[in-house]
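Once you've looked at the hints, dock chain B against the given chain A.
Respectively, the protein sequence lines represent chains A and B.
Residue 387 in my numbering is what sits at position 387 of the first sequence, and the numbering runs on without skipping anything.
Residue 286 in my numbering is what sits at position 286 of the second sequence, and the numbering runs on without skipping anything.
Any given hint could turn out to be false.
Stated by the list, open to error - Here are a few chain B residues that face chain A, going by a calculated C-beta distance under 8 Å:
#1 TRP11
#2 ALA15
#3 ALA24
#4 LEU44
#5 GLN72
#6 GLN267
Stated by the list, open to error - Ranges of calculated distance between the beta carbons of each label pair, as one might list FRET restraints:
#7 B:PRO81 with A:VAL52: 27 to 35 Å
#8 B:HIS56 with A:GLY352: 41 to 49 Å
#9 B:ILE193 with A:VAL31: 42 to 50 Å
Said to hold, decoys possible - So the derived list for chain A, only partly shown, Cβ under 8 Å to chain B, looks like this:
#10 ALA14
#11 PRO22
#12 MET59
#13 ALA70
#14 LEU134
#15 LEU259
#16 ALA260
#17 GLN267
#18 LEU271
#19 THR273
#20 GLY275
#21 SER368
These aren't lab readings, by the way, just hints derived from the structure by calculation.
We put the beta carbon where it would ideally sit given N, CA and C, even for glycine.
Number of protein chains: 2
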Amino acid sequence: MDRHLPPAGRWQLAARAQRMQPSALRELLKVAERPDIISFAGGLPSPYALPVERLHAAMDRILRRDAVSALQYGPSEGYLPLREAIAARLTRQGAAVHPSQVLVTTGSQQALDLVARVLVDPGSRVLIETPTYLGAVQALAQYEPTFEEVPADAAGLAPERMSDASMRRARLLYTQPNFQNPTGRTLSIERRIALVSKAARNDLLLVEDDPYGELVYSGVTPPSLLSMAPDHVVHLGSFSKVIAPGLRVGYVVAPDELLAKLLQAKQASDLHTTGITQRLAHALLIDGEYDAHLEAIRLRYRAQCALMLGCLAEHMPEGVSWTRPSGGMFLWVTLPAGIDSASLFEDALARGVAFIPGASFHAVAPRSNTMRLTFTTATPSQIETGISRLAQAIKARLTKAEACAIVS
Amino acid sequence: MDRHLPPAGRWQLAARAQRMQPSALRELLKVAERPDIISFAGGLPSPYALPVERLHAAMDRILRRDAVSALQYGPSEGYLPLREAIAARLTRQGAAVHPSQVLVTTGSQQALDLVARVLVDPGSRVLIETPTYLGAVQALAQYEPTFEEVPADAAGLAPERMSDASMRRARLLYTQPNFQNPTGRTLSIERRIALVSKAARNDLLLVEDDPYGELVYSGVTPPSLLSMAPDHVVHLGSFSKVIAPGLRVGYVVAPDELLAKLLQAKQASDLHTTGITQRLAHALLIDGEYDAHLEAIRLRYRAQCALMLGCLAEHMPEGVSWTRPSGGMFLWVTLPAGIDSASLFEDALARGVAFIPGASFHAVAPRSNTMRLTFTTATPSQIETGISRLAQAIKARLTKAEACAIVS
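Next up, chain A with everything else stripped away, as it sits in the complex (with noise of 0.2 Å):
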């Protein structure tokens, strides 16, 4: 080799990539992906839950009908047809979106990673819920902003305890309403009210990420802060948990003016989001197949999320306490404290039952007493068994921490 040439990798990175970190979290999921663990980790539907013949008979008419548009370059907005129907069903859900106001994504990861390229420079103040998405913790941190933790208690985000200043300095405040990510928790109509009227107030951006609405178990879904502040709220929705993960078709809603600089961000982005998996999520839309399948999950992960509930109620030992949450995919659980739930995640998985650890939610101060469980996953009877063995394990580590303070 030419003596000359340099080793490799001495590229000087962008100060943003210097500071990517790989993701602690994905090797966790990988070690919970084994075959002989009962995962509650991954944010995944049930296998059992995917439209596979919905899917495969409208591939077919696809396919048949309509097969150059949706193989050719397709337009950066998305397929109008779909987008028509998102505005459609949003305008239905209660908030008056027009579908020039709709930009499809390739799944809403792309929505979050767009809107935060678009107002987020180094340094720029970030509101946010904790403990929050993950997800959408990476796509903000890209771009260097500071984050700022909102005042929140067990019931969300609280608006009366957010200072004006702190709003009117910030771009934008990211919030899941609805079931959130990872808590389940879910904001009452008093506390939205409050958020968008005091937002506006201070020309504050609400990002409203709402993949898990539509999976409402009990009670009703309350209105969205698009609906009542559609001037102030970039909106982001998903056919991920109701469709399939593996389409990657999001959407977000934003005024005017920011849906235009969205709009060219996605273009540099890749383009157009797949016209294929675009037509499918349309196809599905359209002919109430969408709703047909969405009664089905709904009453398949309402079952599940009252069995782990149960479970919990059952196994778990005095000290450790978790959300009742209404919809969505995902319960929190709050061990006492001194557990550390990372290192609790080792017994756990050497009892073939996995979980993810709490500090891996919270953008600001992790909290390492806390730990997330999806419920839509796992089957009934893996909910049983993982409970119990999850439940073994914290007393275990509950003995042990009693022995240690006996004999210190």
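Same frame as chain A, now just chain B:
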């Protein structure tokens, strides 16, 4: 309405978003796609060259045998069998590529975005050919580099005229060595050798974008820069031109250290590319259908390229010159100095024919007397009619220019 509410659209955008401009080219392409226009504008495959039957059969197999995996969340790196097939194909073409070096992207446009995000800080110097692919300029421009034009002549970029100093201070050099968009020109083997050796000596990373390399109509495609200097090249490929743009499946091959960063950026961008279209690309690649289809479209495009060249020779007035590509989708026409192709566009449109004015393809110093013609999209009879009309528009413009010269 509450009079305290501020007007919509007061949010502070990120600096990069403030600089984003609506693409004039997009508006132009919309006009060019009117059904009454013969379009040489868009860079689209022929609608007759899309492998609809092969894809339909592959999709049926996938949804019968592997639906749950295709529809669930998948790895950010991409579908492993596809990564293996890509690595094997590149290896057969002379570059030793391991599947772990392949990251599947949502079209190669996403690969450009990820490369730019990971390598470009505001003010970073980026070396670029001119004219060059507009989508690359857009992807890079988001991260606010300073573009620097590399010395070039009719045969493409000229490494012997590049200064070591400018190479050393640049973050990357972006190039399409094969059948370049928009000129159709191909970098000679001698220049490739000079380029990689000079780049290695100066620690310059070469971004080799190769969407057209397999569309070769005469001779053979020269060895890739990747095969010559794997430690100094990021190589981008795509299935958009040979299979279908609507799949949105591309890939990037990079040295390990860079690939790890690209993967983290990919994960934050859209989690992963849809498993459905990844499996379609894989299905065609592994069973010989890709090669059979490639042979068929090479025959079609070779004939269309030869036909367009023949029509140009027959109809164009003196003073007009053009490239003679040995592959790809485009050729590049240079008009007599003083004829602005952007204003010619209007005349041509009135005669029912469209192209892309050359100024669109310059990151620096637009040259207005040039245009790009696509020979793949139109049918042979449209090519004959369209080139004849375009020649009439140019002749009319030349006559007018002469008349003006006499008058003034």
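Tested hints:
1. TRP11: The hint holds - TRP11 of chain B has a Cβ within 8 Å of chain A, the shortest such distance being about 5 Å.
2. ALA15: ALA15 of chain B check passes; min Cβ-Cβ to chain A is 6 Å, inside 8 Å.
3. ALA24: violated (12 Å)
4. LEU44: Cβ of LEU44 of chain B sits 6 Å from chain A, so the hint holds.
5. GLN72: Interface hint status for GLN72 of chain B: holds (6 Å vs cutoff 8 Å).
6. GLN267: Check passed: Cβ of GLN267 of chain B comes within 7 Å of chain A, closer than 8 Å.
7. B:PRO81 with A:VAL52: 27 to 35 Å: violated (20 Å)
8. B:HIS56 with A:GLY352: 41 to 49 Å: Once the Cβ atoms are compared, 42 Å apart, the range 41 to 49 Å for GLY352 of chain A and HIS56 of chain B holds.
9. B:ILE193 with A:VAL31: 42 to 50 Å: At 46 Å between Cβs, range holds.
10. ALA14: This hint holds: ALA14 of chain A lies near chain B, its Cβ roughly 5 Å from the closest one there, short of 8 Å.
11. PRO22: Constraint on PRO22 of chain A satisfied, holds at 7 Å.
12. MET59: MET59 of chain A check passes; min Cβ-Cβ to chain B is 6 Å, inside 8 Å.
13. ALA70: holds (6 Å)
14. LEU134: Because about 10 Å separates LEU134 of chain A from the closest Cβ in chain B, which is outside the 8 Å limit, the hint is violated.
15. LEU259: violated (11 Å)
16. ALA260: holds (7 Å)
17. GLN267: holds (7 Å)
18. LEU271: The hint holds - LEU271 of chain A has a Cβ within 8 Å of chain B, the shortest such distance being about 5 Å.
19. THR273: holds (7 Å)
20. GLY275: holds (4 Å)
21. SER368: violated (24 Å)
Checked against the numbered hints given earlier, the structure breaks hints 3, 7, 14, 15 and 21 and satisfies all the rest.
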